[in-house]
Amino acid sequence: MKPFRYERAGTLASACAAAAEPDAKFIAGGTNLIDLMKLQIETAAHLVDIGPLPLAEIEETTEGGLRIGTRVTNSALAADMRVRRRYPVLSQAILAGASAQLRNKATTGGNLLQRTRCSYFYDTSKPCNKRMPGSGCAALAGLNRMNAVIGVSDDCIAAHGSDMAVAMAALEARVETIAADGKTRTIPIDALYRAPGNTPNIETVLAPGELIRSVVLPPPPPGRQLYRKVRDRASYAFALVSVAVIVSRQNDRINAARVAFGGISYKPWRSAEAEAALIGAAVTVASFDAAGRAALKDARGYGCNDFKIPLARRTLRAVLADATGVI
Amino acid sequence: MAEPGSTNNEAVTLTVNGQRHALDLDPRVTLLDALREHLGLTGTKKGCDQGQCGACTVIVNGQRINSCLTLAVMHAGDEITTIEGLEEGGNLHPMQGAFVRHDGLQCGYCTPGQICSAVALLAEHRAGWPSYATADVATAPALTDAEIAERMSGNICRCSAYPNIVAAIREVAEGDRT
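Each protein sequence line maps, in turn, to chains A and B.
Residue 1 is where the first sequence starts when you use our numbering, and the numbers rise one by one after that.
Residue 328 is where the second sequence starts when you use our numbering, and the numbers rise one by one after that.
Errors might be hidden in some of the hints.
To be verified - What follows is a list of derived Cβ distance ranges for each label pair:
| no. | chain 1 | residue 1 | chain 2 | residue 2 | range |
| --- | --- | --- | --- | --- | --- |
| 1 | B | Asp-430 | A | Ile-279 | 48 to 58 Å |
| 2 | A | Ala-207 | B | Glu-501 | 48 to 58 Å |
| 3 | A | Pro-188 | B | Cys-434 | 48 to 58 Å |
| 4 | A | Ala-207 | B | Cys-434 | 48 to 58 Å |
| 5 | A | Ser-248 | B | Cys-434 | 46 to 56 Å |
To be verified - Using 27 Å as the maximum straight-line C-alpha spacing, the simulated DSS-like pairs for lysine-lysine come out as follows:
| no. | chain 1 | residue 1 | chain 2 | residue 2 |
| --- | --- | --- | --- | --- |
| 6 | A | Lys-25 | A | Lys-38 |
| 7 | B | Lys-373 | A | Lys-2 |
| 8 | A | Lys-183 | A | Lys-25 |
| 9 | B | Lys-373 | A | Lys-297 |
No lab work stands behind these hints, which were simulated from the structure alone.
Beta carbons are placed, not taken as given, at the ideal position from N, Cα and C, and that holds for glycine.
Generate coordinates for the entire structure from the input sequences, incorporating the hints supplied.
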């Protein structure tokens, strides 16, 4: 690890000002950042620990949703009875990620901002445009089984690793931030992440020193909520593909649908195409398959990860069948 | 104790197994290295040092964490419990006894982490926390073998003593209920 200066945050304003300096970073749970600092992939010279700040509460909002403080741990969020009853897809998604030990440390904001687990991002002997801009992408022609198939570029095919964010995308969560100049803003979760394009090193729209303060869940949309994760072992592995759905039916028709995928893109991948195909459609396997084709129509495999495209379609079909009671 | 090359040590007081220790640490020192190298508490093991194996599991403020992925300076004021702190009045903690009775180990390297993890698992279950194995997350599930396996997935045992580890945890959980 490179040497760094450690600072406990005094106030929100002083923390944001300190973290806006070059080579400074916020630290909260640290489960991803410390791992990357050991490998000198992250090389912050100054860490601002937001542990002393409040921001660890879950509160009701006036519109009937929940506001989740950025320091709420993944465990606390998944175990909160309001989340379990009103947003079960979020509890399920969080519990599908990492291990109990990591969920006890990892925070809400940190989970959203975790870096990719692309093996070439982690392998400092290989080119990686995200780690070292301009060096190339070793994953394109490499062992890219875990990499993304949609929304990415020839400069970077890294996938985002969060399960939590996939459920939040389906729930249309909003990210509330405060910047170093004290300005606050609200960012729809779908707009938080930047497509890799030719600058995959820039992953979000956040400015230096801009802190995620909270995440707001709007009131839960109608319908059955379900999260399913497909992975190489039964527990504690990143998703090959995951799917969050919120779907409701009226008689034989689907009248509301939210669909988001994990493991296939640089961000939690909300699929407006799948939702459009589902709304008004008959509650049949044929409709689910049509939604899967619509969702993945722009997907492209890179060799080892070609299987993710049919896997994503089939996982969506299975989750929709489960959620709507179609055998 | 200063680390070679460090210029910005931090004073931190760690409370480990009820004892307070004043330390002067390079901020790079993980909680795991502080326990092992600075306090001589070598019961907590370093396996992968990247949060994948669980050998470094300790209990902080009642919750299990990977001590390899957190900085010691972030834990001023926390109550830290390691395997050395589980015994009660010279007797093994019930979970330690159950691991011995059920032969829940072979080489033993992962065992301190397994036991700390299992002790905290029972507290999480008593608090009604669900897991990915829970069919309806709005309910407090029974602690089936599938629940135990899912909840222990952050602790790897390369000797594969898993069936006996599950049996040990099941026994202590059942004792809790009687």
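Against the structure, the hints come out as follows:
{"no.": "1", "hint": "Asp-430/B - Ile-279/A: 48 to 58 Å", "verdict": "57 Å, holds"}
{"no.": "2", "hint": "Ala-207/A - Glu-501/B: 48 to 58 Å", "verdict": "54 Å, holds"}
{"no.": "3", "hint": "Pro-188/A - Cys-434/B: 48 to 58 Å", "verdict": "50 Å, holds"}
{"no.": "4", "hint": "Ala-207/A - Cys-434/B: 48 to 58 Å", "verdict": "50 Å, holds"}
{"no.": "5", "hint": "Ser-248/A - Cys-434/B: 46 to 56 Å", "verdict": "53 Å, holds"}
{"no.": "6", "hint": "Lys-25/A - Lys-38/A", "verdict": "15 Å, holds"}
{"no.": "7", "hint": "Lys-373/B - Lys-2/A", "verdict": "20 Å, holds"}
{"no.": "8", "hint": "Lys-183/A - Lys-25/A", "verdict": "19 Å, holds"}
{"no.": "9", "hint": "Lys-373/B - Lys-297/A", "verdict": "46 Å, violated"}
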